[in-house]
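Engineer: Chain order of the listed sequences is V and L. Residue 131 in our numbering sits at position 131 of the first sequence, and the numbers go up by one each step. Residue 69 in our numbering sits at position 69 of the second sequence, and the numbers go up by one each step.
Heads up, some of the hints might be wrong.
Said to hold, decoys possible - Some chain V residues flagged as far from chain L (calculated, every beta-carbon gap over 12 angstroms): (1) A168; (2) M198; (3) I403; (4) R426.
Said to hold, decoys possible - According to the in silico footprint, chain V covers these stretches of chain L (three or more CB under 8 angstroms from chain V): (5) 36-49; (6) 54-62.
As the list claims (entries may be wrong) - If the Cβ cut is set under 10 angstroms, some of the chain L residues that face chain V in the computed set are: (7) C96; (8) G107; (9) Q139; (10) S175; (11) N183; (12) T188; (13) L204.
Just so you know, the hints here were simulated from the structure itself, not pulled from any lab data. Beta carbons: idealized from backbone N, C-alpha and C, even for Gly.
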Amino acid sequence: MKRGFRALAVLAAVAVVSGGPASFAACLDFGGFAIFQCADRAYFNPAPAGSGTVSVAFWQIGYGNGNLNDGSGTSGTGNGSGGAFNGNDNGAFPVSLEDARTSIGSTVPPAGSLCLRNNNWANTGVDGCCDNPKDSALTLSKDGILNPLYNVAYVRNYSYDANDPNSASTAWVQDSPMAALLRETTGSYFAVVAVTTMQRTSQGDPRPGFYNFKDVTNGLTNPFNAAAHNIIPWQPVPGKKGSSDPLGLVRDVSSPTAVGPHTLTLGWNDVTMYTDNRNLPSTNTAVTNGGMGTANFGGDFIRYVVETQPIVDANNPIGSLNPNGWTAQATYTNPTNSATVTVNPDTCVRLHTYFGVPPGTTTQTVANCRLGICGDLGYDVASPPSCVGGPLVSESPIELKAIRERAGALTITWKASAELSTKSYRIEAVGKKGNTVLGTVPANGTGSGTASSYKFSASVTQLKGTRTIMVVAEPSGAKQSVNIQ
Amino acid sequence: MADIRLRRTAVVAMCTLLALAAGGMNASASNMAFKLNKQICQLGTAPNGQNLVALPDHSPYEGSGGLNALCTALGLSTSAQITQWNGTGNVFIHQCQQAQQFNLLAGKGMMITEPTGTKSGVVVGSDIPNGQIAIENLQVAPNGTNVIPIKYHTTAVTPQDFCVDCGLSNTATVSRFDACTGNVLTHTCGQVAQWSLVLGEAVLVLENQGRKVCTPSHF
Chain V
1 MKRGFRALAV LAAVAVVSGG PASFAACLDF GGFAIFQCAD RAYFNPAPAG SGTVSVAFWQ
61 IGYGNGNLND GSGTSGTGNG SGGAFNGNDN GAFPVSLEDA RTSIGSTVPP AGSLCLRNNN
121 WANTGVDGCC DNPKDSALTL SKDGILNPLY NVAYVRNYSY DANDPNSAST AWVQDSPMAA
181 LLRETTGSYF AVVAVTTMQR TSQGDPRPGF YNFKDVTNGL TNPFNAAAHN IIPWQPVPGK
241 KGSSDPLGLV RDVSSPTAVG PHTLTLGWND VTMYTDNRNL PSTNTAVTNG GMGTANFGGD
301 FIRYVVETQP IVDANNPIGS LNPNGWTAQA TYTNPTNSAT VTVNPDTCVR LHTYFGVPPG
361 TTTQTVANCR LGICGDLGYD VASPPSCVGG PLVSESPIEL KAIRERAGAL TITWKASAEL
421 STKSYRIEAV GKKGNTVLGT VPANGTGSGT ASSYKFSASV TQLKGTRTIM VVAEPSGAKQ
481 SVNIQ
Chain L
1 MADIRLRRTA VVAMCTLLAL AAGGMNASAS NMAFKLNKQI CQLGTAPNGQ NLVALPDHSP
61 YEGSGGLNAL CTALGLSTSA QITQWNGTGN VFIHQCQQAQ QFNLLAGKGM MITEPTGTKS
121 GVVVGSDIPN GQIAIENLQV APNGTNVIPI KYHTTAVTPQ DFCVDCGLSN TATVSRFDAC
181 TGNVLTHTCG QVAQWSLVLG EAVLVLENQG RKVCTPSHF
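Make the full structure from the sequences, and use the hints.
Structural biologist: Printed below as a string of structure tokens:
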């Protein structure tokens, strides 16, 4: 062991045995790994008008767990104290997201724009460390340097020159990109971005490395530098009705039968993932997607999940939903922005948009999580629910008339536009003390979907001063009322 | 930042008066004496308690017995450690009250770790006019691990000022460790500075585009 490493090891050992807050830990590497945005005059645009309070999270792609933030873990596997998968993410650290004008010292950014200011993976409260040791068989797998382009074992253990052609290696390229997600409390908008680790200037570049959101290439034009496109705009939550999506999630409902499943046509606006779109090849056998650049992950890190939940209370269908009662029906990725799903009657549907990569396992061991297959958890937005419930409009009686004849008897007529499930019609006299059933008429074309006409007569004695007649289709309950003429 | 400049100017002015008084008014204006209350935050899990400390160029902590004198001045326990990097591959560690095995490295900062609790004390010293510091080229650690003391009477307010002062490249980084909060603040030279240097602290400087030697600007 080299002397310097021995010294650092001693320091680390002292840190571990000290009486400090043991549950708070991050990268132990001296100096950590910084996260830049403000410092290079890049920022998030202001949240749209009507937005609520903004919150922010950051995580490493494949290693994020926004659901467990205890500030523990130093190894880079995503597993914290006790082995639990708490992720490599901001954890309990209060992320430094600041006013861009103040941070940059300029009024060029629009008022209300924000940027990541002083953040570092070494900071107290951060969960885990971004220095991933994916490959447990690799010498010096946790190397204290982000994606070096040389053979770390040769250089450190055998004093090879890092720039020597014989030292060239991408086997230590195993550190994931990182992402940041801004959300606001009305649930209408978000901003999301991901970047690869620092771009190295040479094979032997010895710098520990950092992440820099100025590297984004598909953002809006930076007013400080027209050649840079790293300003991150906010986006509407997919499936939420608004100015950019006036139709909302449910675009059409068609029903082969009214009591059977409904076919919903869904649509939404795709999310744009703002990234550096970088290809960073790796020869590490544990890197199964070919590299550690954002482009190596397919580029977008977005998936849309259609979720459903039965209506519990027909009088309050949305308010009675269980926040944890949603069931995934189908999953889509960009560029898909529409879907057709079949749901039971009286069902609510929503679109849940997830950021990051889907977990490849539910067994959150060190052996699994170090590969980056345990995350990303807790980085998502969801559209408001749209509920398809109650009787279909097509089942309602139409053209209802109630006409008093000369003898005082009442003639009631109506039509059905499309009889699918209706088996009969119940005719009621609406009174102040409740409704009185005047009679029942069987439907003519149940299940046919065809139109029918009906006529029903009631005597004077049945009416007892009633002024309103109601016809109810059974069993759906679709109804129509009319005043007696 | 203007406030920081004024405060620093006031400290320097006070130090100058002290120096002049101590020297029977014979000292030159640039040969200043310093006296600083210094807090050492308790060691936790890194970076909590990684106190990067700057001492004046001249101090009573040089030479044989100097490091233990520093331990005493800061009220450090026998578990506390003083670590110095020479930047060219060697790391030196002294545990308080041990027999001293190395002398304070001139022109280098230090890291002090104290596991038993937060401590404080007064450090004193004076500057060396036109004293130089060397920033070694970054290679395999600890080569190029530069813990650089910021001069007590520096004119630099931000890390970018220091970058310019020492002619650092735009790939060099300057990092400040807030040992009490456990936050690391990093600046890449050329960026818009997002934090300020703190009197009595050293910073970690990594420069991968060649060795740099400079005489930092001072009052």
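Engineer: Now, for every hint given, state plainly whether the structure supports it.
Structural biologist: Tested hints:
{"no.": "1", "hint": "A168", "verdict": "16 angstroms, holds"}
{"no.": "2", "hint": "M198", "verdict": "9 angstroms, violated"}
{"no.": "3", "hint": "I403", "verdict": "81 angstroms, holds"}
{"no.": "4", "hint": "R426", "verdict": "72 angstroms, holds"}
{"no.": "5", "hint": "36-49", "verdict": "holds (count 8)"}
{"no.": "6", "hint": "54-62", "verdict": "violated (count 0)"}
{"no.": "7", "hint": "C96", "verdict": "13 angstroms, violated"}
{"no.": "8", "hint": "G107", "verdict": "19 angstroms, violated"}
{"no.": "9", "hint": "Q139", "verdict": "6 angstroms, holds"}
{"no.": "10", "hint": "S175", "verdict": "5 angstroms, holds"}
{"no.": "11", "hint": "N183", "verdict": "5 angstroms, holds"}
{"no.": "12", "hint": "T188", "verdict": "7 angstroms, holds"}
{"no.": "13", "hint": "L204", "verdict": "5 angstroms, holds"}
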